[in-house]
Every structure is written in C-alpha cells, then in structure tokens.
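Novice: Each chain, written out:
There are 2 protein chains.
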Amino acid sequence: MIYFPAMAKSSRKVVVGIDLGGTKILAAVADSKARILAETRLDTEAKKGLSKVMSNVKIAVLKALWKARTSLKNVTSICIGAPGPIIYKKGLIVSPPNMPGWGKVNLKDRIKRIFKKPVFMENDANLAAFAEAVKGAGKGMRNVVYFTLSTGIGGGIVLDGRIFRGKTGGAGEVGHMVIEKEGIRCGCGGRGCLEAMGSGTAVARMAQKRAPKSSRMIKLAGGKRSNITTEIVGQAARKGDTLAKNILREVGGNIGIGVANIVNILNPDIVVLGGGLTNLWDIIHEPIMRAYKNQVLEVPGAGVKIKKAKLGGYAGVIGAVLFALDPK
Amino acid sequence: MIYFPAMAKSSRKVVVGIDLGGTKILAAVADSKARILAETRLDTEAKKGLSKVMSNVKIAVLKALWKARTSLKNVTSICIGAPGPIIYKKGLIVSPPNMPGWGKVNLKDRIKRIFKKPVFMENDANLAAFAEAVKGAGKGMRNVVYFTLSTGIGGGIVLDGRIFRGKTGGAGEVGHMVIEKEGIRCGCGGRGCLEAMGSGTAVARMAQKRAPKSSRMIKLAGGKRSNITTEIVGQAARKGDTLAKNILREVGGNIGIGVANIVNILNPDIVVLGGGLTNLWDIIHEPIMRAYKNQVLEVPGAGVKIKKAKLGGYAGVIGAVLFALDPK
Chain A
1 MIYFPAMAKS SRKVVVGIDL GGTKILAAVA DSKARILAET RLDTEAKKGL SKVMSNVKIA
61 VLKALWKART SLKNVTSICI GAPGPIIYKK GLIVSPPNMP GWGKVNLKDR IKRIFKKPVF
121 MENDANLAAF AEAVKGAGKG MRNVVYFTLS TGIGGGIVLD GRIFRGKTGG AGEVGHMVIE
181 KEGIRCGCGG RGCLEAMGSG TAVARMAQKR APKSSRMIKL AGGKRSNITT EIVGQAARKG
241 DTLAKNILRE VGGNIGIGVA NIVNILNPDI VVLGGGLTNL WDIIHEPIMR AYKNQVLEVP
301 GAGVKIKKAK LGGYAGVIGA VLFALDPK
Chain B
1 MIYFPAMAKS SRKVVVGIDL GGTKILAAVA DSKARILAET RLDTEAKKGL SKVMSNVKIA
61 VLKALWKART SLKNVTSICI GAPGPIIYKK GLIVSPPNMP GWGKVNLKDR IKRIFKKPVF
121 MENDANLAAF AEAVKGAGKG MRNVVYFTLS TGIGGGIVLD GRIFRGKTGG AGEVGHMVIE
181 KEGIRCGCGG RGCLEAMGSG TAVARMAQKR APKSSRMIKL AGGKRSNITT EIVGQAARKG
241 DTLAKNILRE VGGNIGIGVA NIVNILNPDI VVLGGGLTNL WDIIHEPIMR AYKNQVLEVP
301 GAGVKIKKAK LGGYAGVIGA VLFALDPK
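Sequences listed follow chains A and B, in order.
Position one of the first sequence corresponds to residue 1 (my numbering), numbered consecutively onward.
Position one of the second sequence corresponds to residue 1 (my numbering), numbered consecutively onward.
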C-alpha cells in the first residue's frame with residue numbers, strides 16, 4: 001500500500017473504507033483522489049460476537065483517522081465491505097459464514113450509528129472486483145470479472161465501470177456454478193460447484209485424502225494428515241512433490257473451466273484472479289490457461305485477458321474507499 | 001403474430017426486420033410503434049449459396065412491404081438477425097454453421113447495397129432475447145437472460161434493457177458452459193458443454209443410443225434407430241414410453257443446472273427458455289425446476305423467474321423490428 005502522509009491536512013475532506021473480514025478488519029482513510037493517507041489492521045475477534053466486532057471496527061477507523069492526522073469531522077462518507085449475502089434495500093447482511101451467530105444484522109445502520117456519517121455497504125468480493133477494475137489488473141477496462149480463489153470462491157462483476165449486482169444483489173457467485181454435474185458435495189448444498197473443486201479447501205481436501213503416509217506433505221503438517229493446508233501443498237509442490245503438483249494442476253484445471261464458462265457467457269475484457277490461492281500462481285497459472293483454452297470459444301475468447309489480481313489483500317479496502325468516493 | 005393491416009398507409013414510415021435462419025427467412029414490416037403490418041416467410045435455400053440467399057432476402061422483404069401496402073421508400077431502417085458469430089465492427093458474420101461455405105461474409109454491406117437504407121446487424125439469439133425482454137416473457141423486466149434450446153443451445157443477455165454483447169460481441173454463449181467436466185464431446189471441441197447435454201441433439205443422441213430394438217421410438221422412426229428425432233422422443237414420452245420420459249427428464253435436469261449457473265452468476269430478473277425443445281415444456285419443465293432449485297443459492301435465486309418464451313418462432317424477427325426502431 002502506498003501512503004501519502006504529507007497529503008493529510010486537518011481540514012481536508014476524507015473518506016473511510018472498511019474491509020470487514022472473518023479474521024481481520026482493515027480500515028483506510030483516503031483523500032478525494034482515492035490516495036490512501038493511512039491504514040490500520042485489527043483482529044476481527046468474530047467469535048466474541050457482534051458488539052465486540054463493532055467496537056473493533058470503531059477502533060480501527062479511529063486509529064486510521066489518527067494516523068492520517070485527521071478526525072471524524074472531516075469524513076464525508078464511509079463504505080464498509082462485508083462478507084456474504086447482502087440485502088441492499090434493507091442494509092442487512094445475512095448469516096455470513098465466517099461471522100458465527102450473526103443471523104441478519106443491519107450492519108449499515110450500526111455503522112451509521114457509530115460514526116454518524118453517510119454509510120455505504122457492499123459485498124466484499126464486489127468491492128475487490130471494483131478495486132481491480134479501477135486501479136488493479138483491470139484498470140482502464142470496461143467489463144471485468146473478478147474471482148477470489150480462497151478458502152471458498154467468490155466473485156464480483158463490473159460492467160461499464162459499475163458493480164453489477166443483479167436483481168437481489170446476488171450476482172457474481174461464480175463459485176457456485178456447477179462444473180461437474182453430480183460431482184463432489186459443496187458447502188452450499190449443491191454438487192460439483194467450482195468452489196468444491198477449485199478452492200483452497202479443495203486443494204487441502206484432496207491432499208488430506210490422497211497423500212501417502214510417507215508423503216512430504218504429511219511431514220510438513222507435523223505428521224497429521226488432517227493438518228495439511230493449501231500452503232503445505234504449495235510448499236511441497238515447490239520442492240518437487242509430484243502428488244502436490246498434480247493436485248494443484250487438477251485444481252488449476254477446474255478453475256480454468258470456470259473461467260472459460262464465464263468468458264463464454266459474458267465475454268468480458270478481463271478475468272482477474274485474486275485470493276490466497278493465487279500465491280501459487282507460478283504453479284496454477286499454466287493448468288488454468290490450458291483448461292481455459294480447451295473450452296473457450298473463438299469469438300467470446302478473442303482478446304480476453306486472464307490475469308492475476310494486482311492489489312492483493314488490499315483490494316477490498318481500496319474498493320471500499322473508491323466506492324465511498326463514488327458510490328455506484 | 002398480430003397484424004394491423006389497417007394501419008398501413010402509403011406515406012407512413014416503417015422499419016423492416018429480417019430473421020435469416022438456416023432453413024427459412026422471416027421478414028416483417030412494422031410501424032414506428034413496432035406494430036407488425038405484414039410478414040413473409042421464404043425458404044433460405046442455404047445450400048444454393050450466398051447470392052441465392054441474398055436474392056431470397058430481397059424477395060422476402062419486398063413481398064412483406066407489398067403485403068403491408070407500402071414500399072421501400074418509406075423504410076427508415078432495416079435490422080437483420082444473423083446466425084452465429086458476428087464481428088460487429090466490420091459487419092461480418094463468420095462461418096455460420098448452418099450456412100455452408102459462407103466463410104466471412106460482410107452481410108451488413110450486402111443488405112445495405114440491396115436496399116440502400118441504414119442497416120443494423122445483430123446475432124439472432126440476441127434479438128430473440130431482446131424481443132422476449134421487451135415484448136415477451138420478460139416484458140417490463142430489467143435484466144433478462146434468454147436460452148434458445150434447439151438443435152444447439154444459444155443465448156442472449158439483456159441488461160438494463162440493452163443487449164449485452166461483451167468485448168467482442170461473443171457474450172451469451174450459454175450453451176458452451178461446461179456442466180460436466182470431462183463429459184461428452186461437444187460440437188465446439190470442448191467437453192461436457194450444456195449444448196452437448198441439454199439440447200435437442202442431446203435428446204436424439206441419447207434415444208438413438210439407448211432405445212431397445214422393440215422401442216416405440218424406433219417404430220415411430222420407421223424402424224431406423226438413426227432416424228429418431230427429438231420430436232419422436234417427445235411423442236413417445238407423451239404416450240407413456242418410460243425411456244423417452246427418462247431421457248427428457250435427464251436433459252431437463254441438465255438444462256436446470258445451466259439455468260442455476262446463470263442465476264448464481266448474474267442474478268437476473270428472469271431466465272426465459274425458448275427454442276424447439278420448449279414444445280415439450282409439459283415434460284421438461286418439472287425436471288428443469290427441480291435441478292435448478294437444487295443448485296441455486298438463496299440470495300441470487302430470490303424471486304428470479306424461470307419462464308417459457310412467449311414469442312415462439314417470431315422472437316427473432318420481432319427483435320429485429322425492435323432493434324431497427326431503437327438500435328441499442
């Protein structure tokens with residue numbers, strides 16, 4: 001993240017972007033040109049419940065404002081990126097999977113009550129997509145589809161420079177397109193979803209199931225099969241472990257099919273791939289592209305770019321800042 | 001098709017819509033309110049080559065104008081719906097599969113030269129989607145996805161009342177999303193595409209392969225397995241043939257997965273299903289909906305409608321008329 005601390009002046013109007021994740025809260029303060037003046041990171045402490053999370057959000061924002069040498073009175077608007085399904089009309093987030101016990105929460109109202117400022121709320125994957133479309137790998141492009149390849153697979157669609165939400169704000173759930181009818185059961189209840197076959201969870205699950213007792217992956221996991229993580233599979237693959245490489249190739253191939261489906265359906269300018277799994281880009285890029293090219297049609301595929309995300313873990317909070325400045 | 005012949009007056013400005021198909025040409029003349037004044041239908045005679053097809057297009061249009069008691073001088077614009085991939089910038093259609101030997105044809109220029117009028121050219125599935133969105137099952141809705149379930153599976157996407165074409169005009173190829181990784185080979189070269197598993201061709205192929213010698217379907221096909229068509233499978237199913245019913249249920253299930261994928265990705269207001277296979281709506285509707293509901297997520301699926309197309313075989317030409325009036 002690039003800072004412009006010299007830009008911070010006490011009377012300058014600023015916006016606040018918040019990325020509320022299951023494990024951490026990122027808050028950023030930016031000027032009217034979306035230049036980040038300061039940023040803070042705090043544990044979400046999701047397990048301690050909603051009030052604790054709200055209090056942590058408040059602390060993160062106030063700290064960021066202090067670091068930016070400004071204060072709440074200069075904030076013109078706030079955008080919070082929230083995980084999981086949002087009911088936009090009501091400002092609700094609905095039982096986000098990584099916020100245990102939340103049920104339906106009127107997050108927008110709660111943030112408004114804390115800061116007494118105009119608040120926008122947006123799905124975090126949509127904000128990451130927006131950030132990549134405006135400032136990241138899709139900069140200058142019109143239609144951008146973003147995949148977040150992480151524990152799960154989320155996504156966001158930006159068309160003509162605007163987040164495309166669909167009828168009920170549910171668009172972009174690219175992780176739940178079926179790529180293998182009657183395939184493995186997905187967390188969503190469906191079968192053969194991309195998320196079940198192309199996510200970090202899929203990598204770990206395959207390795208836990210397939211690794212022979214003598215495997216390097218089990219060693220790296222401290223001898224315990226169930227402790228094998230995506231990171232361990234990546235480490236083992238980089239050290240030449242054939243099974244680890246094959247698992248990542250298979251998962252990459254599944255991602256490539258999902259990307260080809262999206263390109264055949266939407267013919268975007270670019271598909272941007274982000275999320276933790278792209279830390280293994282050197283290994284997964286080639287199988288993604290091979291499967292993609294096998295499946296994409298000539299016309300919808302012509303000139304479409306498939307790129308790694310540029311903004312990394314900051315995409316969400318940058319998206320929130322951009323959206324706070326220009327909500328659309 | 002509803003006519004308004006009384007509306008036709010010699011000085012009234014009109015538009016022409018043309019639906020150029022592999023077997024027939026439909027031409028319609030409409031007034032400024034998109035009311036159809038007259039319509040003609042002519043064999044395409046695609047096998048006789050490009051010049052013959054162009055001459056048939058000319059005859060169809062002139063006949064329609066004559067039937068509408070008007071003439072070319074009152075035509076303000078023409079829109080032709082063409083099969084297969086289009087390169088919009090150049091006005092080219094590229095080797096449409098049902099126009100043997102065409103290669104790249106500058107159809108737009110050819111139509112312009114014949115009629116000396118402003119000409120628009122659009123993919124036929126896009127025009128059908130547009131017509132269903134404006135006047136058909138999706139009337140009054142904002143975001144409409146249309147599937148044409150026919151020999152192949154095509155599609156069109158209308159967002160905010162406009163045809164969504166994507167970067168190179170290739171958007172909407174819903175038939176080539178993979179729903180079964182490593183599944184059956186598709187005509188496009190890919191594997192497990194919806195088109196290979198949910199089209200009329202898939203129905204006929206399954207029946208030809210699976211029908212036992214004593215099958216009603218083989219009898220209906222004059223004793224020749226390879227003559228079993230989708231229509232025959234439908235007839236047999238209606239007469240209670242279990243295999244025929246099961247094949248249609250399986251194909252319906254595959255379509256339902258494809259529809260769920262689209263809804264999870266785009267969360268449209270409605271998915272409209274058209275094309276010849278929907279003549280069997282009474283049989284395929286239930287398995288489509290069952291598979292769809294198994295796979296769609298709660299938020300993107302909330303309130304989304306799945307409906308049969310309303311305009312039947314006229315969707316393309318009505319779309320062409322609407323587009324000629326308001327090209328967007």
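What the hints contain is simulated information worked out from the structure, not anything from laboratory work.
Just to be clear, a hint being listed does not mean it is correct.
To be verified - The calculated lysine-lysine pairs, modelled on DSSO-like cross-linking and capped at a C-alpha distance of 30 Å, are: (1) A:K305 / B:K139; (2) A:K181 / B:K24; (3) A:K293 / B:K116; (4) B:K108 / B:K63; (5) A:K305 / B:K108; (6) A:K48 / A:K67; (7) A:K90 / B:K67; (8) A:K104 / A:K24; (9) B:K116 / A:K181; (10) B:K67 / A:K181; (11) B:K116 / B:K104; (12) B:K139 / A:K308; (13) B:K181 / A:K209; (14) A:K224 / A:K239; (15) B:K139 / A:K307; (16) B:K67 / A:K305; (17) B:K307 / B:K67.
Novice: Now tell me if each hint is right for this structure.
Specialist: Evaluation of the provided hints:
1. A C-alpha spacing of about 35 Å is found between K305 of chain A and K139 of chain B, which places the hinted pair above 30 Å, so the restraint is violated.
2. Note on K181 of chain A and K24 of chain B: the hinted pairing is violated, with a Cα-Cα distance of about 36 Å set against a maximum of 30 Å.
3. Our distance criterion of 30 Å between C-alpha atoms is broken by K293 of chain A and K116 of chain B, whose separation comes to about 41 Å.
4. Distance restraint check for K108 of chain B and K63 of chain B: the Cα-Cα separation of roughly 20 Å lies within the 30 Å cut-off, and the hinted pair is therefore satisfied.
5. A distance of roughly 29 Å separates the Cα atoms of K305 of chain A and K108 of chain B; the hinted pair therefore holds under the 30 Å criterion.
6. Between K48 of chain A and K67 of chain A the alpha-carbon distance is near 27 Å, which keeps this suggested pair within the 30 Å criterion.
7. Annotation: proposed proximity of K90 of chain A to K67 of chain B is violated, straight-line Cα distance about 55 Å (limit 30 Å).
8. Taking the CA atoms of K104 of chain A and K24 of chain A, the gap is near 20 Å; set against the 30 Å cutoff, the hint holds.
9. Restraint check for K116 of chain B and K181 of chain A: not satisfied, since their Cα atoms lie roughly 51 Å apart, outside the 30 Å limit.
10. Pair hint K67 of chain B plus K181 of chain A does not hold up; C-alpha atoms about 51 Å apart against a cutoff of 30 Å.
11. Only pairs whose Cα atoms come within 30 Å are accepted, and K116 of chain B paired with K104 of chain B is accepted, the gap being roughly 22 Å.
12. At most 30 Å may separate the alpha-carbon atoms for a hinted pair to count; K139 of chain B and K308 of chain A exceed this at roughly 39 Å.
13. For the hint pairing K181 of chain B with K209 of chain A, the CA-to-CA distance comes to about 21 Å; that is within 30 Å, so the pair holds.
14. For the given pair, K224 of chain A sits about 19 Å from K239 of chain A by alpha-carbon distance, which is consistent with the 30 Å threshold.
15. Note on K139 of chain B and K307 of chain A: the hinted pairing is violated, with a Cα-Cα distance of about 38 Å set against a maximum of 30 Å.
16. Under the criterion of a C-alpha separation no larger than 30 Å, the hint pairing K67 of chain B with K305 of chain A is inconsistent with the structure, at around 50 Å.
17. Of the pairs offered as hints, the one joining K307 of chain B and K67 of chain B is violated, with about 34 Å between alpha carbons and a cut-off of 30 Å exceeded.
Going through the hint list in order, the structure does not satisfy hints 1, 2, 3, 7, 9, 10, 12, 15, 16, 17.
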